[in-house]
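At position 214 of the sequence shown (counting the first as 1) the number is 213 in numbering that gives the first Met the number 0, and the numbers step up by one without a gap.
FYI, nobody ran anything at the bench for these hints, they're computed from the structure. Note that this is a predicted model, so its numbers are computed, not measured. A couple of the hints might just be wrong.
Restraint ranges, calculated between C-beta atoms of paired labels, are given here [to be verified]:
#1 119 x 25: 36 to 42 Å
#2 54 x 96: 37 to 43 Å
#3 159 x 52: 35 to 41 Å
#4 86 x 13: 48 to 54 Å
Straight line, CA to CA, 27 Å or less: simulated DSS-like cross-link-like pairs of lysine-lysine [stated by the list, open to error]:
#5 43 x 103
#6 95 x 194
#7 60 x 100
#8 145 x 45
#9 89 x 128
#10 2 x 158
#11 116 x 90
#12 43 x 145
Note that the Cβ used here is the ideal one computed from N, Cα and C, for glycine as well.
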Amino acid sequence: MSKISREMLMEAINSVLQTSQEKKRKFTETVELQISLKNYDTQKDKRFSGTVRLRYIPRPKMTVCVLGDQQHCDEAKANTVPCMDQDALKKLNKQKKPIKKLAKQYDAFLASDSLIKQIPRIVGPGLNKAGKFPTALSHNEPMVQKIEEVRSTIKFQMKKVLCLAVAVGHVNMTPEELASNISVAINFLVSLLKKNWQNVRALYIKSTMGPSQRLY
0 MSKISREMLM EAINSVLQTS QEKKRKFTET VELQISLKNY DTQKDKRFSG TVRLRYIPRP
60 KMTVCVLGDQ QHCDEAKANT VPCMDQDALK KLNKQKKPIK KLAKQYDAFL ASDSLIKQIP
120 RIVGPGLNKA GKFPTALSHN EPMVQKIEEV RSTIKFQMKK VLCLAVAVGH VNMTPEELAS
180 NISVAINFLV SLLKKNWQNV RALYIKSTMG PSQRLY
């Protein structure tokens, strides 16, 4: 992150946190990193997408639903995690409306290894279209740990416009925690770009209701 000094980053973070303290909201505001790109042709250049895990969970309230086999559904129920088994998915009958509703209801999905390949056949393309195709879940890893991993992973995806925004934290985090997450996110994004920093026009951070603070 050679282009952004630590002082500048901390100053921007403190401004975001201070503004959010002055105008307390009834919910925990999310801190977002906004990226504006340049020298990028969305028609010709390859659109990038990539995911990176942050050190601290940016969205602790993110809801995850498990699409599981019997064992995973039992584990989910034991940990009060919402889950659906294959029969429940089949009942959706590939109908667009209920699948759209399901995709809206949760922020992310996990699916058992044994089930994940059948999801497109049982559910159709609905979850994929919503950008919420499930992450594979095996029986060798603890479900709660996997959910934490999903909650702390952010995704950069280039669409038709030259602006991107991702959640990198929330206003109840310490400045140090936010700085760590923002550094990881920016470094990873720059590594995805064709010409690295030459493709970055501007970087901002802001809280949900607060003004933007420019980083670059």
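Hints and how they fare:
no.: 1; hint: 119 x 25: 36 to 42 Å; result: 40 Å, holds
no.: 2; hint: 54 x 96: 37 to 43 Å; result: 39 Å, holds
no.: 3; hint: 159 x 52: 35 to 41 Å; result: 27 Å, violated
no.: 4; hint: 86 x 13: 48 to 54 Å; result: 52 Å, holds
no.: 5; hint: 43 x 103; result: 31 Å, violated
no.: 6; hint: 95 x 194; result: 40 Å, violated
no.: 7; hint: 60 x 100; result: 19 Å, holds
no.: 8; hint: 145 x 45; result: 30 Å, violated
no.: 9; hint: 89 x 128; result: 18 Å, holds
no.: 10; hint: 2 x 158; result: 25 Å, holds
no.: 11; hint: 116 x 90; result: 18 Å, holds
no.: 12; hint: 43 x 145; result: 36 Å, violated
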